[in-house]
Every structure is written in C-alpha cells, then in structure tokens.
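Using the sequences and the hints, build the whole thing.
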Amino acid sequence: MENKCAIEMRNITKRFGQVVANDSINLKLYRGEILALLGENGSGKTTLMNMLSGIYQPDAGEIFKDEEQIYIHSPREAYEYGIGMIHQHYKLIEVFSATQNIILGLNDGKMDLSAAEKKVKEICDRYGFEIDPSKKVYDMSVSQKQTIEIVKMLYRGADILILDEPTAVLTPQETNKLFKVLKNMKMDGKAIVIITHKLHEVMDVSDKVAVLRKGQYIGTVNTSETNPQALTDMMVGHAVSLNIDRPKYAEPKKKLIVEGLTCIDAEGIKKLDSVSFCAYTGEILGVAGISGSGQKELLEAMTGLYPVKEGSIRFINDSGSEVELVGLTPKRIRATGVGMAFVPEDRLGMGLVGSMGMTGNMMLRSWKNGRGALLKKKEPEELANRVWKDLDVVTPGVNYPVRRLSGGNVQKVLVGREIASQPEVLLTAYAVRGLDINTSYTIYNLLTEQKMNGVAVVYVGEDLDVLLELADRILVLCGGQVAGVVDARNTTKEEVGLMMTQFNTSGGAHE
Amino acid sequence: MSTLITLIVAAVTFGTVLMYGTLGEILTEKTGNLNLGVEGIMYMGGAFGLAGAFYYEKAAGAAASGPLAISIAILSAFVAGMAASAIYSFLTITLRANQNVTGLALSIFGTGIGQFVGEFMRVSEGGYVALSNHLKDAFNATVFPSFFINIPVVGRIFFSHTVFFYLAVILAVLMYLFFKKTRTGMYLTAVGESPSTSDAAGINVTKYKYLGTTIGGGISAIGGMVYIMTTAGCVWNHEGLSGVGWLAVALVIFCIWRPLNAIWGSVLFGAMMIMYLRVSIPFIPTEIYKILPYIVTVIVLVLTSMKNSRDKQPPASLGLNYFREER
Numbered sequence: 001m002e003n004k005c006a007i008e009m010r011n012i013t014k015r016f017g018q019v020v021a022n023d024s025i026n027l028k029l030y031r032g033e034i035l036a037l038l039g040e041n042g043s044g045k046t047t048l049m050n051m052l053s054g055i056y057q058p059d060a061g062e063i064f065k066d067e068e069q070i071y072i073h074s075p076r077e078a079y080e081y082g083i084g085m086i087h088q089h090y091k092l093i094e095v096f097s098a099t100q101n102i103i104l105g106l107n108d109g110k111m112d113l114s115a116a117e118k119k120v121k122e123i124c125d126r127y128g129f130e131i132d133p134s135k136k137v138y139d140m141s142v143s144q145k146q147t148i149e150i151v152k153m154l155y156r157g158a159d160i161l162i163l164d165e166p167t168a169v170l171t172p173q174e175t176n177k178l179f180k181v182l183k184n185m186k187m188d189g190k191a192i193v194i195i196t197h198k199l200h201e202v203m204d205v206s207d208k209v210a211v212l213r214k215g216q217y218i219g220t221v222n223t224s225e226t227n228p229q230a231l232t233d234m235m236v237g238h239a240v241s242l243n244i245d246r247p248k249y250a251e252p253k254k255k256l257i258v259e260g261l262t263c264i265d266a267e268g269i270k271k272l273d274s275v276s277f278c279a280y281t282g283e284i285l286g287v288a289g290i291s292g293s294g295q296k297e298l299l300e301a302m303t304g305l306y307p308v309k310e311g312s313i314r315f316i317n318d319s320g321s322e323v324e325l326v327g328l329t330p331k332r333i334r335a336t337g338v339g340m341a342f343v344p345e346d347r348l349g350m351g352l353v354g355s356m357g358m359t360g361n362m363m364l365r366s367w368k369n370g371r372g373a374l375l376k377k378k379e380p381e382e383l384a385n386r387v388w389k390d391l392d393v394v395t396p397g398v399n400y401p402v403r404r405l406s407g408g409n410v411q412k413v414l415v416g417r418e419i420a421s422q423p424e425v426l427l428t429a430y431a432v433r434g435l436d437i438n439t440s441y442t443i444y445n446l447l448t449e450q451k452m453n454g455v456a457v458v459y460v461g462e463d464l465d466v467l468l469e470l471a472d473r474i475l476v477l478c479g480g481q482v483a484g485v486v487d488a489r490n491t492t493k494e495e496v497g498l499m500m501t502q503f504n505t506s507g508g509a510h511e
Numbered sequence: 512m513s514t515l516i517t518l519i520v521a522a523v524t525f526g527t528v529l530m531y532g533t534l535g536e537i538l539t540e541k542t543g544n545l546n547l548g549v550e551g552i553m554y555m556g557g558a559f560g561l562a563g564a565f566y567y568e569k570a571a572g573a574a575a576s577g578p579l580a581i582s583i584a585i586l587s588a589f590v591a592g593m594a595a596s597a598i599y600s601f602l603t604i605t606l607r608a609n610q611n612v613t614g615l616a617l618s619i620f621g622t623g624i625g626q627f628v629g630e631f632m633r634v635s636e637g638g639y640v641a642l643s644n645h646l647k648d649a650f651n652a653t654v655f656p657s658f659f660i661n662i663p664v665v666g667r668i669f670f671s672h673t674v675f676f677y678l679a680v681i682l683a684v685l686m687y688l689f690f691k692k693t694r695t696g697m698y699l700t701a702v703g704e705s706p707s708t709s710d711a712a713g714i715n716v717t718k719y720k721y722l723g724t725t726i727g728g729g730i731s732a733i734g735g736m737v738y739i740m741t742t743a744g745c746v747w748n749h750e751g752l753s754g755v756g757w758l759a760v761a762l763v764i765f766c767i768w769r770p771l772n773a774i775w776g777s778v779l780f781g782a783m784m785i786m787y788l789r790v791s792i793p794f795i796p797t798e799i800y801k802i803l804p805y806i807v808t809v810i811v812l813v814l815t816s817m818k819n820s821r822d823k824q825p826p827a828s829l830g831l832n833y834f835r836e837e838r
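Listed in order, the protein sequences are those of chains A and B. First residue of the first sequence: 1, per the numbering used here; consecutive thereafter. First residue of the second sequence: 512, per the numbering used here; consecutive thereafter.
I should point out that these hints are in silico values taken from the structure, not numbers from a laboratory. Just so we're clear, the structure is a prediction, and the values are computed from it rather than from any experiment. A virtual CB, placed ideally from N, CA and C, is assigned to each residue, including glycine. Among these hints, one or two may not hold up.
Unchecked claim - Heads up, simulated EDC-like pairs for lysine to aspartate or glutamate below, C-alpha to C-alpha not over 20 Å straight-line:
| id | chain 1 | residue 1 | chain 2 | residue 2 |
| --- | --- | --- | --- | --- |
| 1 | B | Lys-692 | A | Glu-94 |
| 2 | A | Lys-91 | B | Glu-636 |
| 3 | B | Lys-818 | A | Asp-139 |
| 4 | A | Lys-91 | B | Asp-710 |
| 5 | B | Lys-692 | A | Asp-112 |
| 6 | B | Lys-692 | A | Asp-108 |
| 7 | A | Lys-145 | B | Asp-822 |
| 8 | A | Lys-136 | B | Asp-822 |
As the list claims (entries may be wrong) - Covered stretches of chain B, as calculated for chain A (at least 3 residues, CB under 8 Å):
| id | segment |
| --- | --- |
| 9 | 620–632 |
| 10 | 778–786 |
This is how it looks when you write it as structure tokens:
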C-alpha cells in the first residue's frame with residue numbers, strides 16, 4: 001500500500017520579533033502514518049504546528065495539501081482543510097455534555113442532539129474511544145476531556161490530526177489507551193502528528209520522527225531504523241562553548257540534605273518520587289530535566305510552599321546541627337534562622353509585586369523590621385538604590401513600577417533582593433529565561449560570586465550548554481524521579497540528554 | 512379558606528412584577544453579564560410604560576382601545592429597558608468597565624430617569640396622571656371568561672389573573688425551551704460559561720452578550736410597567752416600586768438561573784412580600800416579613816454552595832468581562 005503525502009510544508013519560516021522560531025523548515029506528513037515531532041522546549045515544535053492549525057501565519061514558505069498549495073488564515077479554515085489540532089489546554093464548557101461540546105460552534109442546520117449523540121457514538125466505536133456522549137464534562141477525568149477534543153476534530157471530518165504533548169497529563173495506562181486509539185486512526189488512513197519530547201513514547205507509537213532543534217529542522221528518520229541514543233544526539237546537538245567562568249571553591253561542606261522527598265499534586269499525580277540529594281556550600285548544583293519533570297515542585301517543597309507527602313529536607317547550621325524543614329511554612333523557616341533565598345520562575349507573579357517600585361519590592365523582605373504600625377522605609381530605599389547601581393538596572397527611578405521594566409531588569413531586581421538577604425542557600429528557577437546574552441552573563445557571574453562566598457546554589461535550568469559550564473554537579477530529573485547526579489566537568493551533553501528523556505533505564509544510576 | 516385564596520391571588524399579582532424582572536435578569540446573567548441595574552431598569556419601565564399608555568389615550572381620546580394600550584405600554588417599557596441595558600452593555604462589553612460599578616450606576620441613573628419622567632408628566636399635565644377608568648379596567652381585566660373563575664377554589668387561583676401573568680408564564684416556558692432545545696440558547700449558555708472557549712469555537716461572543724443583555728433588560732423593564740398598571744392602579748407611584756429590582760436579582764439566585772423556577776419562585780417571593788398586609792401575627796413587626804425573601808435567598812445560596820453541584824452554580828464567567836488577548 002502506497003501512502004500518500006497529505007501535507008507538505010516547504011521552507012517555513014516564522015519570526016517573533018528578533019527571535020527566529022522556525023527557520024526554513026521542510027516537513028512531510030503521510031496518510032496512514034504517525035509522525036513524532038521531537039525537540040527540546042523552545043525548539044519550535046508547537047509554533048510550526050500552530051501554522052498548520054491556522055493560529056499563526058508563516059512569514060515565508062509554502063504549505064501544500066494533496067499537492068495543492070493552501071493558505072490557512074484561521075483555525076476555522078484549518079477545519080475546512082481537515083486539519084485539527086488538540087492543544088495542551090482543553091477548550092471545553094464544563095456544564096455541557098460531551099456531545100454538546102463536540103457540536104459547539106458547528107452550524108449544520110437544525111440542532112438535533114440525539115442525532116449528534118449517535119454520530120459521536122459511531123466515531124467512538126470505530127476507533128475505540130471509551131466515552132459516554134451524554135456525560136457532563138465536569139464529571140470527567142483529564143483523559144476523557146482529551147478524548148472529547150479528539151472526537152471533536154473527527155466529528156468535523158478532520159483527517160490530519162495534530163496532538164500537542166498529549167501524554168503530559170495522562171497516566172501510563174491512559175497513555176497506552178491513547179496510543180491504541182491513535183494506531184486505529186492511522187489504520188483508517190489519517191495522518192497524525194504528535195508533538196513530544198519523551199523518547200520512549202516516540203519509539204512506542206510513531207512511524208517516523210522529525211527532529212527540531214532551536215528552530216532548525218535537523219532531519220526525519222524512520223523510527224524502526226533509529227534508537228534513543230541517536231535521537232538524543234539529533235535533539236541536543238553538539239556542545240557549544242560558552243566560556244562561563246567556573247572557579248572551584250576550596251572546602252565544600254554539606255548544607256542541605258534532601259531524602260526520599262515525595263510530593264503529590266491535587267489530582268493525585270506523583271510530582272516528585274523519592275528524590276534524594278545533597279547540596280554543598282560553594283557549589284552550584286544544576287538541576288536538569290524536561291520541563292514539568294518536578295523542578296518547580298522540588299524548589300517549592302524546599303521553600304515550604306508545596307505540601308510534602310513523605311521525606312525530609314534538612315538544613316545544616318554552621319554549628320553542625322540539623323534543622324528539619326518539612327512541615328514548616330516559609331515564615332517559620334525564616335524564623336528558625338535558615339537563610340534561604342528563592343528566585344521563582346514566575347517573576348512578577350510570585351517574586352515581585354508588579355505595580356510597586358523597587359523600594360516597595362525590597363520591603364517585601366523586610367517589612368517585619370518596622371516598629372509599630374509604620375513602615376521603615378529608609379533601609380529598603382538604600383538597598384534599592386544599591387541594586388539599581390550595582391546591577392545596572394535600567395529604570396527611571398526606584399519608585400517606578402517594576403512591571404514596566406524589561407524582563408532582564410525585573411530579574412536583576414529580584415536576584416539583587418534575594419542576594420542582599422545574604423542567604424546560605426540560594427534557589428533559582430530558570431533564572432535566565434527570556435533574558436538577552438549580556439544579562440544572562442550578569443546573572444551567571446552573580447551566581448558564581450555567591451557560590452564563592454560559600455552559598456549553596458541550586459540552579460534549575462533548561463539550557464544544557466549553560467548547565468554544563470556553570471554548574472559543578474548536575475542533578476537530572478526525569479518524571480519526578482532522580483535519573484542521576486553527574487559531575488558537570490566530566491560529562492557530556494549526550495549523557496545528560498539521554499538521562500533526561502529515559503525512565504528507569506540501567507544507565508540512570510550514576511554516582 | 513377565602514383568606515388563603517385572597518393571599519395567593521395577591522401574591523400572584525405582585526409575583527408577576529417580579530417574574531418579569533427575574534426572567535430578564537436570568538437572560539442577562541446567562542451571558543455572563545451581572546446587571547445590577549435592574550432596579551433602575553424597572554423604574555424606567557414603569558415610567559415609560561405609563562407614559563406610553565397615557566399619551567396614547569390622550570391622542571386617541573375616548574376611542575382608545577384596551578389591547579392597543581396594553582401593547583403600547585409593553586412596547587414602551589421594553590424599549591426603555593433595552594435602551595438602559597444598551598448603555599450597560601456598551602460600557603461593560605465594549606469598554607470592559609467593571610460590571611458591578613456599572614450596574615450600580617445604572618440603578619441610580621434609572622431610578623432618577625424614572626422619577627424625572629413621572630414628575631415631568633405630573634407637572635406638565637397639571638397635577639394628576641392617570642388613565643381613564645376604561646383603560647384601567649382593560650389593564651386589570653382577567654383573560655378567562657367568568658365561567659372559569661367561578662369554579663370553586665381552583666378558579667380564582669388559576670384563572671383570575673391579568674393578561675400579564677399568563678404572558679410571563681408563557682415567556683418563562685419559552686425561555687426554558689430556548690436554553691434547552693435551541694442552538695442559539697446553547698451558544699448563549701456557552702458564552703456565559705466560557706467566552707474564550709466559545710470564541711475559539713467560532714461563536715460571536717460580543718453579539719450574544721449584547722443581545723442577551725439588552726433583551727434581558729427589556730423584559731425586566733416590563734415588570735416595572737406591570738407594577739404601575741396593576742398594583743399601583745395606573746398612577747405614577749415611585750415608592751411601591753423601590754426595592755423590587757433588588758428582589759428580582761435575589762430571585763435569580765433563588766431560581767438557580769432556571770426560568771421555570773421563576774414561575775413559582777416569584778409567586779412565593781410575592782407572597783412573602785405582601786404577607787404583612789394579609790396575615791398579621793401579633794408581636795411580629797412587619798419588617799421581619801419584609802426581609803423573609805432575602806433570608807430565603809441566603810439559605811438557598813448556602814445550600815447550593817454546600818451541595819457543590821456544578822449544575823446549580825452561576826454561569827462560570829458571571830461578572831467577568833471578556834477580552835480576547837488576555838490569557
């Protein structure tokens with residue numbers, strides 16, 4: 001059976017301001033085939049597919065469907081071409097039934113719910129979906145909601161389906177069920193794309209793999225002719241030298257011990273699974289992992305913001321005595337004299353108050369120092385002025401709302417404040433996300449400076465090149481578990497990349 | 512027995528006023544717009560409804576026909592309510608002003624306009640604005656022949672009401688069918704639940720919000736007219752009308768946003784409001800009677816929140832303005 005080319009994308013380029021998200025990418029989708037689109041975070045996978053689903057228009061390049069050039073200006077037009085994309089965030093009306101959601105926005109004459117329900121049932125039976133068409137969405141699990149989204153596309157006659165990280169929210173059993181359905185649809189002659197960064201899923205379900213890296217098209221290979229190692233190499237590429245200064249601290253001491261840390265989120269999914277490691281003074285401990293592997297939960301658990309199910313987090317005082325942090329609120333942690341500073345991922349949400357100036361934000365750490373009902377404003381103001389000058393924050397004044405500063409300057413204010421509290425442990429999450437090269441280096445230098453002052457720095461990052469040159473050791477997380485801890489001076493990008501993407505493999509247990 | 516029947520009949524008369532206010536507000540809130548201006552809208556409905564009928568009679572003289580006068584009164588009230596809600600819609604939907612503030616402002620604005628129109632008519636017509644007895648009878652006439660009304664007990668309870676009551680019941684049933692059976696009704700509900708989802712599905716959110724809110728306001732305004740024409744005896748009376756709009760807003764919650772509940776809910780609320788006139792128990796001050804509807808509303812709110820059933824919750828985006836680019 002000869003598979004026919006359903007969609008061809010030629011030389012697709014998309015820019016967002018200065019950033020090139022997709023750089024002349026060529027891609028072919030065939031009917032009766034599952035294509036896995038593989039790449040790290042920010043490699044342009046979703047952007048590329050959004051151009052197929054009509055959310056973005058390419059700046060350059062051509063799209064062909066069945067050898068005929070098409071132009072997709074809106075999601076509605078994408079439907080008309082039979083292209084349906086299932087996004088990570090489901091768009092459903094909670095109080096409606098599955099069928100009502102499926103026919104929402106569809107104008108096909110008189111509304112006939114029971115006929116629509118029958119048609120939904122037909123589609124479900126054909127591909128093996130398990131869903132009750134009259135069940136209300138608020139009674140459904142995440143995987144059932146995803147099923148509705150997929151059925152919605154099929155109901156509209158989509159024969160090209162794009163799924164954006166469909167397994168991110170599913171349990172392994174649900175994932176298997178989804179894959180079975182996808183294979184049924186493939187047999188029916190549909191062209192399917194799944195966007196993912198999980199290698200084992202790629203190997204499980206796909207026929208071909210297309211790899212993107214930093215907006216570049218690397219290549220397409222047949223799944224049967226490749227292996228995880230080769231794919232990882234394609235995905236992460238060769239190491240790039242960044243020339244980050246990495247001095248060695250004379251006498252590292254244990255500062256923080258995490259043992260068997262397990263956290264479970266509101267939906268009952270294990271976010272962290274018996275995570276154990278130590279952090280030393282005078283060391284930058286890098287944390288690597290695909291996004292959503294538990295980095296955020298780990299940092300928040302350490303600062304007392306995320307509920308801990310099991311395990312212990314112990315802080316070692318200068319005198320050598322240990323303080324247990326699990327179960328304490330952030331306020332109590334500070335009261336026990338533990339010098340912990342946290343630079344959160346969400347700068348303006350969790351780190352700073354956007355509508356206040358630098359002074360006001362500095363005060364967030366020291367407002368308790370005032371006596372009586374009045375605030376003590378002088379010290380925060382001095383601190384704000386110092387941070388302004390030392391870190392070259394570009395702002396009209398210390399009382400200018402930080403919300404209006406650029407991302408880099410916001411980050412400088414936040415890092416400056418956290419460092420000023422003279423912490424013993426400094427936790428940072430994606431400290432350079434969205435910053436330009438120069439500001440990134442400023443942040444790297446600040447962190448290294450802190451390390452040489454004997455601070456235990458935990459650096460959660462996404463760019464492996466940076467982690468390899470900045471950190472002393474790298475803790476690799478995969479699906480909430482520790483895949484291993486490696487010495488950043490004696491490891492390779494490929495090794496870390498492989499650990500990040502593979503669950504429980506024998507190669508995982510380093511150290 | 513006859514006391515009870517009299518009480519029920521009086522409750523229905525007052526309940527009819529509430530039913531229009533509530534049905535209109537249900538339609539408005541189903542689109543996700545919380546219009547707290549019902550009080551003002553009902554005032555305007557009352558004043559303009561009376562004005563419509565009054566000036567019609569003045570022009571037509573003795574030849575004025577009852578059904579036409581009723582239609583004109585309904586129409587003028589409806590248009591006045593739509594105009595008031597159009598202001599609200601423009602402010603909240605297009606300019607995205609805060610819904611609570613805008614609604615409260617509309618309440619004050621509407622009562623002011625209503626008073627002004629009422630007083631203006633009084634002054635310009637030399638002191639007394641009332642319809643002739645001929646038209647008054649038309650407004651208060653029963654629809655069914657006396658044969659039905661004379662059926663013992665049931666007759667007076669079911670068949671002795673004015674045309675406005677039966678119209679309101681028909682409207683409630685129509686609205687129920689509209690939400691339950693029609694595509695437009697389903698889309699309108701979707702807009703009130705999640706405008707962003709509806710937008711993504713290709714539904715024109717702005718259009719639905721505008722239509723739902725303005726038509727809803729028009730329906731609410733009819734309630735004010737019905738009060739003036741029935742309870743107040745076709746004379747401008749601003750005192751009796753005050754507070755009715757707020758009661759309608761409370762009643763929407765009591766009905767958990769379902770039009771059919773508005774039928775018995777408004778009669779129940781009507782009964783609670785007039786009970787102090789008909790059933791007087793010694794030592795209980797009338798004020799206690801008057802707060803009963805609000806107490807019942809609070810209890811309903813507590814109960815529905817406790818049960819936490821998603822079917823009985825307000826529209827999910829109620830009170831929130833929709834802005835496409837906001838994520």
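Can you give the numbers of the hints that this structure goes against, from lowest to highest?
Numbers 2, 9 and 10, in rising order.
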